[in-house]
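*Asks:* Construct the entire structure; sequences and hints are all you get.
So you can see what is in the structure, the chains are spelled out below.
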Amino acid sequence: MLNLITKRLAVMVPTLLLVAVFVFTLQHLLPGDPVLALAGEDRDPATLDALRVQLGLDKPVPVQFVYWFGNILHGDFGTSYKTGEPVLALILQKLPVTLELATLALIIALLIGLPAGIISAYRKGTAVDYAANVVALSGLSIPNFWLGIILILIFAVKLKWLPASGYVSPFEDLSRNLQTMILPAFVLGNALAASIMRHTRSAMLSVLSQDYVRTARAKGLYEPAVVLRHAFRNALIPVVTVVSLLFGELMAGAVLTEQIFTIPGFGKLIVDAVFNRDYAVVQGVVLCTAIGFMIMNLFADIAYGALNPRIRA
Amino acid sequence: MTMDAALPAAEALPPVERRTLKKFVRNRAAVVGATIVIVFLAMAIFAPLISPFDPAQTNFRLVRKAPDALHWFGTDEIGRDVLARVIFGARASLLAGCISVLVALAVGVPLGLVAGYLGGWYDMVISRCTDALLSIPFLILAIALAAFLGPSLTNAMLAIGIAATPFIIRLTRGQTLAVRTEDYVEGARAVGVPRLRIALRYILPNIAAPILVQATLIVAQAIIAEASLSFLGLGQQPPAPSWGSMLNTAKNYMEQAPWMAIWPGVAIFLAVLGFNLMGDGLRDALDPRDV
Chain U
1 MLNLITKRLA
11 VMVPTLLLVA
21 VFVFTLQHLL
31 PGDPVLALAG
41 EDRDPATLDA
51 LRVQLGLDKP
61 VPVQFVYWFG
71 NILHGDFGTS
81 YKTGEPVLAL
91 ILQKLPVTLE
101 LATLALIIAL
111 LIGLPAGIIS
121 AYRKGTAVDY
131 AANVVALSGL
141 SIPNFWLGII
151 LILIFAVKLK
161 WLPASGYVSP
171 FEDLSRNLQT
181 MILPAFVLGN
191 ALAASIMRHT
201 RSAMLSVLSQ
211 DYVRTARAKG
221 LYEPAVVLRH
231 AFRNALIPVV
241 TVVSLLFGEL
251 MAGAVLTEQI
261 FTIPGFGKLI
271 VDAVFNRDYA
281 VVQGVVLCTA
291 IGFMIMNLFA
301 DIAYGALNPR
311 IRA
Chain F
1 MTMDAALPAA
11 EALPPVERRT
21 LKKFVRNRAA
31 VVGATIVIVF
41 LAMAIFAPLI
51 SPFDPAQTNF
61 RLVRKAPDAL
71 HWFGTDEIGR
81 DVLARVIFGA
91 RASLLAGCIS
101 VLVALAVGVP
111 LGLVAGYLGG
121 WYDMVISRCT
131 DALLSIPFLI
141 LAIALAAFLG
151 PSLTNAMLAI
161 GIAATPFIIR
171 LTRGQTLAVR
181 TEDYVEGARA
191 VGVPRLRIAL
201 RYILPNIAAP
211 ILVQATLIVA
221 QAIIAEASLS
231 FLGLGQQPPA
241 PSWGSMLNTA
251 KNYMEQAPWM
261 AIWPGVAIFL
271 AVLGFNLMGD
281 GLRDALDPRD
291 V
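Order-wise, the sequence lines are chains U and F. The first sequence begins at 1 in my numbering and counts up by one. The second sequence begins at 1 in my numbering and counts up by one.
Hints are computed from structural coordinates only; laboratory data are not their basis. The reader is advised that the hints may include incorrect statements.
[As the list claims (entries may be wrong)] On the chain U side, residues computed to face chain F include the following (Cβ under 10 Å):
1) L4
2) I5
3) L9
4) V11
5) L16
6) H28
7) L48
8) V134
9) P143
10) N144
11) S175
12) L178
13) A252
14) G253
15) I270
Glycine included, C-beta positions come from ideal geometry on N, C-alpha and C.
*Replies:* Spelled out as structure tokens, the structure:
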């Protein structure tokens with residue numbers, strides 16, 4: 001097990017380095033001279049040169065990369081051009097909000113996706129299975145920002161049951177917090193529910209025809225026990241892997257969901273940064289997401305090993 | 001997408017193709033999907049003929065009018081006809097969906113073939129780069145690229161295409177690895193067929209089916225991505241119509257003009273559903289395992 005983790009960590013290093021090279025290269029896609037943009041009205045060549053030296057832009061590109069990456073390894077992701085705060089501080093400050101949203105979304109997705117997948121596999125080929133598949137495919141096809149708009153239209157504008165937007169910290173007022181989070185969490189969870197349902201269904205289908213399930217039935221076991229304890233527990237292995245890999249989708253989905261519901265999280269941070277041309281923040285967010293994704297990948301491998309004794313060795 | 005060309009000649013097709021076509025046509029969901037896709041393609045191509053109004057024509061006496069007999073989907077905040085804009089918006093969405101996937105295929109398939117067939121260092125380098133790009137979520141990568149390239153529909157298509165490329169590389173590489181040890185590839189190598197010719201004439205045709213399926217499903221993702229980028233102001237620029245940017249405006253008028261928010265979203269949903277259904281149907285039809 002430890003061996004597996006070390007091996008995976010060793011693979012992560014070059015991948016991380018490549019992501020860093022890529023994220024660094026992004027800033028060279030920008031049209032025009034960044035120094036001119038920063039200097040604003042002041043076009044005095046001496047000021048421009050001073051700025052260039054100050055930013056390290058007078059050095060060759062590979063040297064610039066080494067400096068930049070060295071700073072990142074020290075936790076310095078640069079400074080926000082807009083607010084003057086360190087990028088890492090901004091990210092750490094917004095992250096808890098998104099993590100709460102993502103956790104709630106995942107809970108909703110599992111509550112919908114797992115039972116739907118089990119029932120749909122158990123009743124394969126029936127109207128229930130057909131309906132579940134249609135709903136899942138629709139869930140995958142609805143753009144989540146539009147679903148957000150429609151839900152705001154129904155629950156906030158027409159029925160006035162829930163607030164349309166805004167954010168209240170859970171430490172300040174938990175019930176207000178949940179009221180503001182329920183719609184965005186549902187919007188974010190919706191597409192995940194569809195994909196969890198589809199994976200649970202196919203995993204259950206391959207498990208339900210196994211000999212040990214037939215044996216469990218043959219010995220007269222109570223049917224729900226057969227389905228849940230014998231079949232579902234084995235079907236869970238691929239599903240757990242899929243769920244940990246959904247992290248990327250959660251993060252990407254959070255970008256638009258937070259934008260619609262004006263939730264001050266990680267996703268809103270990147271969008272605001274894009275609007276403000278605050279490129280250091282964009283780079284920081286992309287890099288942090290990639291690191292988060294790699295960590296989740298590692299968890300997926302560990303979980304897979306822990307759940308599946310055959311590859312534990 | 002060459003459905004109409006393939007249909008009348010069904011009897012003349014070789015057995016495998018005929019069986020695939022039969023399986024696709026018998027799959028009701030797939031036919032519904034293909035129909036939706038064809039309707040949207042027609043809508044995009046013939047937009048000027050179908051559209052009841054000019055999508056850019058403003059009319060300040062008709063600001064935010066609810067749907068009626070003349071303006072079926074209502075009008076927007078500066079009196080433009082929403083139906084006309086939804087019809088013309090199909091152009092941006094389908095163009096972005098198809099062009100970005102073509103970009104991804106043009107870059108991804110050759111790289112995947114090289115990695116899978118040549119192996120060794122080529123594989124190492126290409127696979128590591130693919131892993132690195134795959135660790136950035138698709139939409140976040142597209143947003144970041146579009147942000148740095150600058151907001152325009154062309155740059156959005158390019159950004160989405162680049163973001164989709166690693167998926168195509170990984171699929172092509174995996175399929176190539178599976179096929180390269182087949183007897184017909186070994187045979188071709190044994191009689192001295194050049195490597196490039198083996199890759200193009202022996203391997204590519206045999207891995208085309210799963211790539212086609214994946215490409216269809218990626219078109220669906222790309223349409224959502226284009227709408228998302230346009231929604232954030234990084235795609236199609238106003239006043240040109242796009243479903244995403246229509247929704248961006250509509251969210252400011254949800255109380256006064258909810259119809260502005262409904263129809264562009266329905267259009268995105270249907271177009272994406274169409275490609276998803278068609279992709280699923282193609283996968284089932286092209287699967288040689290069940291007959």
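*Asks:* Hint by hint, say whether it matches the structure.
*Replies:* Do the hints match the structure? See the list:
Evaluation of the L4/U hint against chain F yields a violated restraint, the C-beta minimum of about 17 Å exceeding 10 Å. Hint status for I5/U relative to chain F: violated, with the closest Cβ pair at about 17 Å, above 10 Å. Because the beta carbon of L9/U sits about 14 Å from the nearest beta carbon in chain F, more than 10 Å, this interface hint is broken. Taking 10 Å as the C-beta cut-off, the interface hint given for V11/U holds, the closest approach to chain F being about 8 Å.
The interface hint given for L16/U is met, as the beta carbon of that residue sits about 8 Å from the closest beta carbon of chain F, less than 10 Å. For H28/U, the shortest C-beta to C-beta distance to chain F is roughly 9 Å, which falls under 10 Å, so the interface hint holds. Among the interface hints, the one on L48/U is violated; its C-beta lies about 22 Å from the nearest C-beta in chain F, farther than the 10 Å criterion. Against a cut-off of 10 Å between C-beta atoms, the interface hint on V134/U holds, since the closest Cβ of chain F lies about 8 Å away.
Annotation: P143/U was flagged as interfacial toward chain F, and the flag holds, the nearest CB pair being 5 Å apart, inside 10 Å. Satisfaction of the interface hint for N144/U is found here, the shortest Cβ-Cβ separation to chain F being roughly 9 Å, below the 10 Å cut-off. This hint is violated: S175/U has a C-beta 25 Å from the nearest C-beta of chain F, more than the 10 Å allowed. About 23 Å separates the beta-carbon of L178/U from the nearest beta-carbon of chain F, more than 10 Å, and the hint is not met.
Nearest Cβ of chain F to the Cβ of A252/U: about 4 Å, under the 10 Å cut. The hint holds. About 8 Å separates the beta-carbon of G253/U from the nearest beta-carbon of chain F, less than 10 Å, and the hint is met. Against a cut-off of 10 Å between C-beta atoms, the interface hint on I270/U holds, since the closest Cβ of chain F lies about 7 Å away.
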